[in-house]
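Asker: Read off the chains here:
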Amino acid sequence: MTWFSRVGWRHLVALLAVAFSLFPILFVVSAALNPVGTLSSTELVPTGASLTNFGELFSRTAFGRWFVNSLLIAGVSAAAAVFLSALAAYAFSRMRFTGRRVGLLALLLVQMFPQFLAIVAIFLIFTTVTDLWPGIGFNTPWGLLLLYLGTALGVNTWLMKGFFDTVPRELDESATMDGATHAQIFFRIMLPLVSPILAVTGLLAFIGTINEFLIANVFLTDTGSKTLSVGMWGLVAGERNNNFGIFCAGTLLTAVPTVLVFQYLQRYIVSGLTSGAVKG
Amino acid sequence: MPTQLPGAGPGLRAPRPGRPTPARPRADRPVTLTGLVVKIVLLGLTVGIAIWAAFPLIQTRAWTGLAILALTTAGLCYLYLTRRHVPAKYLVPGTLFLIAFQVLPVLYTVSTSLTNFGDGHRGSKQEAIVAIQTASVVQVPGSAEYALAVATTGDPATGPLVFLVTDPATGAVSAGDAEGLRPLQDGAATVNSAGRVTAASGYTVLNAGQVSARGPEVAEFAVPTAGGAIRATGLSRAYEGKAMRSYDPGCDCVRDATSGRTWTADPANGSFVAADGERLAQGWRVTVGFRNFARIITDDSISGPFVRTLGWNFLFAIGSTGGTFALGLLCALALHSPRVRATNVYRVLLILPYAMPSFAMLLVWRDMFNTDFGLVNQLLGLQVDWFGQSWSARAAVILVQLWLGYPYMFLVATGALQAIPRELTEATSVDGATPWQSFRKITLPLLLVALSPLLISSFAYNFNNFNAIYLTTEGGPFPSDNPSVGATDLLITYTYRLAFGAAGAQFGFAAAISIFIFALVAVISAVSFRRTRQQEEVYS
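These protein sequences, in sequence, are chains A and B. Take the first sequence: its letters are residues 1 to 280, numbered as in full-length UniProt numbering. Take the second sequence: its letters are residues 1 to 540, numbered as in full-length UniProt numbering.
The hints are simulated quantities; they were obtained by calculation from the structure and are not laboratory data. For every residue, glycine included, the Cβ atom is placed at its ideal position computed from N, Cα and C. Honestly, I wouldn't trust all of these hints.
Computed footprint of chain B on chain A, listed as stretches where at least three residues anywhere in the stretch have a Cβ under 8 Å from a Cβ of chain B [as the list claims (entries may be wrong)]: (1) 66-72; (2) 80-90; (3) 121-127; (4) 196-210; (5) 226-237.
Just need the whole structure built from these sequences, with the hints factored in.
Answerer: This is how it looks when you write it as structure tokens:
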């Protein structure tokens, strides 16, 4: 076999994909560094290097607050979602009980309801909640967090269940023989073995939450309680062309936590199974 | 909530024939100390939260809510203290959230779809009557006048309005909102020499600029009182006017005092209707049965373009899902080899589109397709109006979706590839299979088993991908003969415009359409799910 058919094509595919991935991002970087800050004056390759847009972002808006709010909501809800769906996936993968098949199917179907059309219902439900418990009502991160946990099962559980199924049953059977309880099997044996999928679903949940716009837009109306997506939407809802530079600066900063989370989790994604106990 | 207590109960797993079953008696299993502590702490926390949540319920006498709360808490305590029902211990935590914040809104939407809920039909009949009376208020000689300060309990720009009015005769300050007028306690408000409130505890008083920014809202705002309502004249004065229209229970109608016209209640439609068919704008909410669903089929402006939109909707969903999966899988396969150096660098760069906030990038893409100063025309040296023609607009939104979605497919395909033992593909190459054969016969089937539920839900997601259309083309371009439905409209953006658009909110109708779309997607997914189920039994 030639070098190209073994390795070379892989680099070619990857390079083309990287180019496709990067050119819009390069455009955003160029717009963020563009001192004029308008759409019409922005080109693909940066024409200037000025931090004016970043400065204005912090001086003219409550960007810092939005950033903290988003990190809190996305971080906590991603962690909780991973834990909740890992519990459910363990049950679906390792136990046999009545309603297992129906439960799996129901999970898949219920999340297909176009949730944003249920926004009216969510709004009315949380109007009552705000009256009763203002601490978890509108304009609080906790209410939004609870709402996001409603979608924690669903697709995550499916992804994890598929992964749990690939871990040999012999491992937990022998642990049962040695006297381990089901909880010990879950925490000591299963969770370490499936850490790659925990990392992947955690990342997906984090990104999904930080990008969520529609519900958050209804939920958070006070300037101080907004998340990044809601706050930045306000930047370009009115004036598009003039705020484009500031908007792109905000877009870049919004991407920073996601990139960091990915970097942090990548070790688990890559090392994961290959070094785990499955091989022996 | 996890448990670490012993109890590999009978539900854990049916013993397989021919294998030794765990024979140790249950009582033999040790109770781990950490497990016990964690369980007690978490259950205590649950009970604590339940008690915290119970007080407001008791205060407002919401006994049904209290009963549900008590039963849920008791059920949780039972579940984690008993050794039985092991699967439930793992399933209940997520399911509780699912029921409260996903299933409940869906059920609420179903019940809404059977009503005429929407603008003009929001509340009860009594509220509609109050609204009619309040709207008909006019200033008559002798109307009481007040000094007015406009305030809010929330954000100055968006929070709910409150009128703080000072009675010039007595100097008493009252706060009025849509519920009515109630006096403020002495000392709760600071009043200036002109009698206007300048500050009040619990309220944010708007300054002149903020009030005039919300001018139309302030002019519409009315505080109902016994004989009429308090309305603003200008920004700093208010009057208590007399209602010209009033409800007469004798004829179940609304009568106008000056013209003598009457509007009789129509309980089937929730409106007051005059003899000549004129309806009052303020109606109330009634159950209309399946009329909303019938309207989807019988209303020509809705059923007419339905089939064409449905066709494009399928094309968009299949194109987006298939395209992202193919590209994502190709990249995952290319990098799934120990021979490739710098895979980590490639991975990080490939994943970048996924790390960018998608709603922001949709807006950026829209600007890149701009005819005059968009990047695409700039790079290609063209002057094409991409969103101006049907097929270029459709190709553009699918391309945008491909860019946004393929890193996700790359991620999950990478994860699934890592889960396939390398021995399998190594064995096929020892047996003389070509790489393509081993991919086609071994890797791809195994991948599809793991990923087909994801592909189905990705299809369902894209089928209703509101943002992808709304933030880029807004459904356009629109044909000149039918401005209500555009070439890139999905069913969901199309209904959104019909239901929440310029004609005013029609929540009942919107709910009916969303159930219609849901049924469509659910059937398609259920059918494809049955197919994957057969696969799963073959390979697992």
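Asker: All the hints need checking, so say for each whether the structure fits it.
Answerer: Here is how each hint holds up against the structure:
no.: 1; hint: 66-72; verdict: violated (count 0)
no.: 2; hint: 80-90; verdict: holds (count 5)
no.: 3; hint: 121-127; verdict: holds (count 4)
no.: 4; hint: 196-210; verdict: holds (count 7)
no.: 5; hint: 226-237; verdict: holds (count 5)
Violation of the numbered hints given earlier is confined to hint 1; every other hint is satisfied by the structure.
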